[in-house]
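Protein chains in written order, with my numbering: chain A, 1 to 489; chain B, 490 to 988; chain C, 989 to 1486.
Think of the hints as simulated: they come from the structure by calculation, not from any bench. Remember, it's a predicted structure, so these values are computed and weren't measured experimentally. Beta carbons: idealized from backbone N, C-alpha and C, even for Gly. Take the hints with a grain of salt, since some may be wrong.
What the hints assert, rightly or not - Below, simulated SDA-like cross-link-like pairs (lysine to any residue); rule was C-alpha separation at most 20 Å, straight line:
#1 A:Lys452 with C:Thr1016
#2 C:Lys1145 with A:Ala368
#3 C:Lys1430 with B:Glu637
#4 A:Lys452 with C:Phe1011
#5 B:Lys636 with C:Trp1439
#6 A:Lys293 with A:Arg227
#7 A:Lys293 with C:Thr1152
#8 C:Lys1430 with B:Tyr640
As the list claims (entries may be wrong) - Quick list of the computed label-pair ranges, beta carbon to beta carbon:
#9 C:Trp1439 with B:Val842: 40 to 46 Å
#10 C:Ile1202 with B:Trp517: 25 to 31 Å
#11 A:Ala153 with C:Leu1174: 34 to 40 Å
#12 B:Gly496 with C:Ala1012: 53 to 59 Å
#13 C:Ile1193 with A:Ser361: 54 to 60 Å
#14 C:Thr1143 with A:Arg227: 52 to 58 Å
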Amino acid sequence: MTLWLMAGLLFTPLAWAVLTLLTDFVWGRRVTWVGILVQVFVSLGLWLTVAQNGGFYYDLGGWGAPLGIELRVDGLAVTFVLLTAAVASACGLHAGVYIDRHKSWHRYFWPLFWFLWSGLNAVWLGGDLFNLYVGLELISLSAVGLVALGGNANALRASIRYLLAALLGSLAYLLGVALIYGQFGTLSIAGVVLWLDSHSASAGPGLALALMVTGLALKTALFPLHRWLPPAHGIAKSPVSALLSALVVKASFYIAARLWLAFGESLGNQAAAQAVGFMGSAAVIWGSWLACKQVQLKQVVAYSSVAQIGYLFLLFPLTYSVSDSISLQAQQGITLQVISHALAKAAMFLAAGNLILSVGSSRVDALAGVSRFLPFSLFSFGLAGVSLMSLPPSGGFAAKWLLLQASLGSGQWWWALVLLAGGLLSAAYLFRIYRASFAEIPETDQFFHPSKSLEVIPMVLALMALGLGFVSEQVLSVMALPFAEEGAP
Amino acid sequence: MMVAEPGLAVLAVCLPLLYPVMALRANWHRAMCFALPLLPLPAFFLAVSSDSGWQLELPWLLNGGLWAMDDLRRLFLLLTAVLWTVAGVYAVGYLALPHMRRFCVCWGLTLAGNLGLTMAVDIGSFYSFFALMTFAGYGLIVHEGTKEAHYAGRVYMAMAVLGEMSILAGLLLAASAADSQLLTDLPTALARAPQRDLIVALLIAGFGVKAGLPLLHFWLPLAHPVAPTPASAVLSGAMIKAGLLGWLVTLPFGEVALSGWGASMVIAGAVGAIGAAILGVLQHRPKAVLAYSSISQMGLMVLMLGAALADPERAPVLFSVIGLYALHHGLAKGSLFLSAGVSLPAGRMGQVVTWILIALPGLSLAGLPFTSGALAKLAMKAGLAEDSLDFALAGYLPPLMTAGAIATLLLVLRYLWTLSAKLETGHNPPMLLAGWLAAVTASLIAFWWMPWDVAGLVKAPVWLPASYQVWALVWPMLISLALAGLALLVNQKRSSARS
Amino acid sequence: MTLEQWLPVFALMISLAASLVIFALPETGYVRRTSVNLGAAVLKLVVVIVMVWGVFHGVNYGVSFTMLPGVTFVLRADALSMMFAGLSAVLWLLTTIYAVGYLEDSPNRRRFFGFFSLCVASTMGIALAGNLFTFFLFYEMLTLSTYPLVVHRGTEKALRAGRTYLIYTLTGGAVLLFAIAWLHSLAGDLSFRDGGHFVDADPDIHRSLILIFILLVAGLGVKAALFPLHGWLPQAMVAPAPVSALLHAVAVVKAGAFGIVRVVYDVYGVEASSALGLLAPLSWLAAFTILYASTRALWQVDLKRRLAFSTISQVSYIILGIALAGPLAAVGGLVHLLHQGIMKITLFFCAGNYAETLGIHRIDEMDGAGQRMPGTSVAFTIGAFGMIGAPPLAGFITKWVMGSGALAVNMDWVILVLVGSSLLNAAYFLPIVHRLWFREVKGAWPEERHWGRLETSPWLFWPPLLTAVVTVVIGVLASLPFSPLSWAELIVLREYAP
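With the rest of the complex left out, here is chain A:
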């Protein structure tokens, strides 16, 4: 049973990718519908298995660590698998309607989409450093391809820039992996942890960790390494932007977080943790500030991603040399932040796409009067914004609450100020958009109405982001399930 689930998660997406490579856009869409159905069921199945029995290690094909493919299937991983299923299906369904099927190169959307999904699952479940690298590369390359689908010169320029950043990041990460392997002779994270527990640390692995985290931070677009993100996310097609912002950047962060939680206590130090935290804070402030200044709707949303990603890096200081309960609070907070940001940002990009489609311009001030004609998409945008502003009862609020508790509990109150300021700044750039949409200018009565299915999808995502706050306890409880240790190396 588990074998089928694992295979379903990791390899069927590859199969869909190959299949869609052979077909045109319309057939690709049909294949994708089937694929989405399968993926959603498989993801749910795995989630249920873990929810009932707890997490476990799984050696794919029977080859375990140190050389084989080792999968770590715990609550966090399956939660993200499920999240991916939700967001990717939404984006896929939306893209099927949204993307113009008459342009020939658009048919490559489907294979790229499936490669991306497969890579994401690989990252969530990966238990060793090299497999994580493979998954990461798969993600990066397909993401670059998706950006390039935009077709025009700007899109190409942005995708090249993205590619360079991604490669540089991968290089740094790979260097770190090599150092670790040289030092410990294993690539399994769990193996390294075992080794570290019994030996005192030296400077080498610390450098490796720093390299890996830096590389991943570049891929996650942490300030000041964020410059590649806004053009790429802003210029891509809306469903692509949604995928990129919601999931792709999270993958590299996920690896960084896993590494930090595993090695941070022994390899990291206070100054490094605080430094990362400060970079995260700077991202929050600077990203929000720049979002306020943008004239293009999707640029606002893209810079908002820069800011929201900043919150994630508060994980580093809030889990370093603090009590277990506070560390747990911080981890839970960050997890919720990842989930709620993924849902909300996807909803927001999709809704923004609808809005742009209907007013025929991507400028913020072109939205005047749209609240009269397109309230549904605007409403989705607004609900997603509630989560981004981390206002209750959204998942974003739950995340912020936990992070506030963690920062106050650990005595690092300055992060609390960052959290609050970030919330206010996000309100500043989001309400700029609402404000524009409420303006009544009599001449703007010409609107294109997108089809209902385009409008429903972002709404579903936004409602999920909003409702997350009410079920956070349940979501977090799956993560806290006992971990079956017998499969561990």
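Given the coordinates of chain A, assemble chains B and C onto it according to the supplied hints.
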């Protein structure tokens, strides 16, 4: 009868309160106007037919309501009911103006407040009725809508609001000192309260605005001339007395000797009685003269009040005198005000009769023998008799009273003089005439059947002053007649010199 | 779940569901929209009445579940919640009726009514919240759902006002969140409890408690428009009249004041807050706000702006009453929560009627409006006198009880504040009343509309008249059971003898 009286009391207050509701129907204003004299009738019956001593508990009202009747309140209720009835009759003939509906509503509200406050015993409803009367009274004053009326209204309102606030603060402090919501508990508690002087000051000032205490009187001479005549009559006859009643029911009479406050009140009364006369004789408009006359008369009552404050033993006696004086002054002043609006008939005989009827209430104010004024003046004299008062200023009171009497007559003469220049020959609307005649009758004749009490002060038959008393009443009148004659001569000389 | 658990949820869900249904209905289906709206409002009123009856007889309504690790979501009905819930239920019904008439033939009605219901759902949540966390949840929801109402007109001025509104309220919300989180990390998940939690708090945390209290009051004070955090309110006056009515009379400002009451009573406890020395400064601040805002009101020429400053002043009465730390004064403050709501909504309805029927916005245009619109003007007059505190209207009851309460705890200076405020109120309301009734009409009205027999549309005519009657009735019959005064006494009784 014990069941009927509370019912009648509620009816007396609620009937005028129907007017704002009736006003919602646009075409009922004629009916409302004709019903004006009917509004105070339940109150009139209540005052005439019932004895004092009933109580009506209304526990759901405000902070717990209690309405009741005693002799003093009955007298004030009667005065209020009679005056508003005759003024109402008069108003039916007088009113032919735009905004009749508005006037009727204000009239009803003011009346309800004025009637209610005489019966209310709990602080909440007393203050409510008082405020209702104050605020609705504004509508009567500015009704004519002239610039002058608006100015008078503004002054009235500013002072009234200040007064209300002073009362509010005073009552709050007093109620908290007494830990009770009933007026009847206030005097006892006040006598012992640590903040006694502050409370007394606040209450005196607050009610003093209504009662025309010197320096708090500015609105009176402005408001009376500009208000419609029936409104001036009730303003001066009844509403001004509400301030007096307010003092009587809140201040600690009979509990403790407040000689300081007594002296201040006596001084204030003297300044009011004489100062108002000096200012009054300089006025050119008849109703302004009457307004000053009211201030002057209130000064005399304040004089008695001061004595009562200073001497707790004498307070009960003085209370009945003040009640009597208020009744007398209210009725007489009411008829004087109403006379300002009548026209002289064409015939010679009719003119003479009219002039006599105009002059008689005025002379009654001045204490003309065989009038209510004579009785009131004598009772006041007896009440303030030096040897029965335990008060430092007692010796100054008789000359002050004499001066007050002179001032009264001078003002009446001045009124008649200014009126003679203004009265025109013409036809009186029947209702107007009826109202005025009823007022004069009430003042001159019906007064003698009213339930005032002068037991032990003036011997019966009260309308026949003893011979030594006649002289006491008459010589001040002679002095003022002489003064008036002098003024007339001077005036004639001046006018002949000018021509 | 039992009925005791269901009712609060149900009360909350009614307006929420109404809001969703309204959003789902098409813009043109106004008959359906109106029936949904009115039906929901009536239903909610019935539910609230049932709950009021239950709470009076000691039934514990409540439901809770864990939302986050260590944090519960609690809905609970006690006497204080029912006071606010009752106010919001009654005024929601009236305001809905009014708004239907007011927005006749104007665009974006679906959006308006949808957010309107959402806003009411938030107030319901605020009323029923059983701990600070839940309170905050709905407090922020209120901010969000009122923004679209403030900017409803979509004019430049409205948008600017909306921005000011947000800057104030969201910053306040952030401060509040910080304080709540701090308190949570200090003392855990505190549900509201009569008598509070900190009666014998560890002296070590006194400093933190004081700081948290200041932050809490600052955060809540924004909505309660405490000086100097009141700047948003006069600007928000650009909103349509029903919104001003609801915002000012019920939802936003009251939410802030209600929150302060909750903090003082049910989180800290009166005893503890006064032992920490927190209440005296709060009372000075409230007293200053009362006088300051009334003074500012004198200079306003726009009717609604004058009313807005009056609101700022009046809401501080509630806080003053609480801060005096005496049972009787607290009754005065709490009862004003209802009294001010009813009176102020009357005034705003009337202001809306003048604007909608005659096109009058400025006070100097109001000359003689009483002859053209007697019903509305009667209501306005009653509301204005109520605000001044003229007996026997609702405002007088507040002043009297609060004054007595202040004297009972030897705070005599409060009398000066009450008197001063009444004088100022008189100074800015009486000239309006004078203009209404005793000035002659200047000429043609700016934009007159006719409705036949009544002076204005029946939807607009009856609500203010009704609230005016209520203003008189709750004043005159203040001592009846279930009157606002009696209910406030019940609350205070339970607080002081838990």
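Hint-by-hint comparison with the structure:
1. A distance of roughly 19 Å separates the Cα atoms of A:Lys452 and C:Thr1016; the hinted pair therefore holds under the 20 Å criterion.
2. Under the criterion of a C-alpha separation no larger than 20 Å, the hint pairing C:Lys1145 with A:Ala368 is consistent with the structure, at around 15 Å.
3. Among the hinted pairs, C:Lys1430 with B:Glu637 is consistent with the structure: their alpha-carbon atoms are about 19 Å apart, no more than 20 Å.
4. Between A:Lys452 and C:Phe1011 the alpha-carbon distance is near 15 Å, which keeps this suggested pair within the 20 Å criterion.
5. Between B:Lys636 and C:Trp1439, the direct Cα distance comes to roughly 34 Å. Violation of the 20 Å bound is thereby established for this hinted pair.
6. Among the hinted pairs, A:Lys293 with A:Arg227 is consistent with the structure: their alpha-carbon atoms are about 15 Å apart, no more than 20 Å.
7. With a CA separation close to 19 Å, the supplied pair A:Lys293 and C:Thr1152 stays within the 20 Å bound.
8. Between C:Lys1430 and B:Tyr640, the direct Cα distance comes to roughly 19 Å. Compliance with the 20 Å bound is thereby established for this hinted pair.
9. C:Trp1439 and B:Val842 have their C-beta atoms about 57 Å apart, which leaves the hinted 40 to 46 Å range violated.
10. Between C:Ile1202 and B:Trp517 the C-beta distance comes to about 59 Å, which lies outside the given range of 25 to 31 Å.
11. Remark: the range hint 34 to 40 Å for A:Ala153 to C:Leu1174 is contradicted by a beta-carbon distance near 57 Å.
12. Checked against the given bound of 53 to 59 Å, the beta carbons of B:Gly496 and C:Ala1012, roughly 58 Å apart, stay inside it.
13. Restraint check, C:Ile1193 to A:Ser361: a C-beta distance of roughly 56 Å satisfies the suggested window 54 to 60 Å.
14. At about 39 Å, the CB distance of C:Thr1143 to A:Arg227 disagrees with the hint of 52 to 58 Å.
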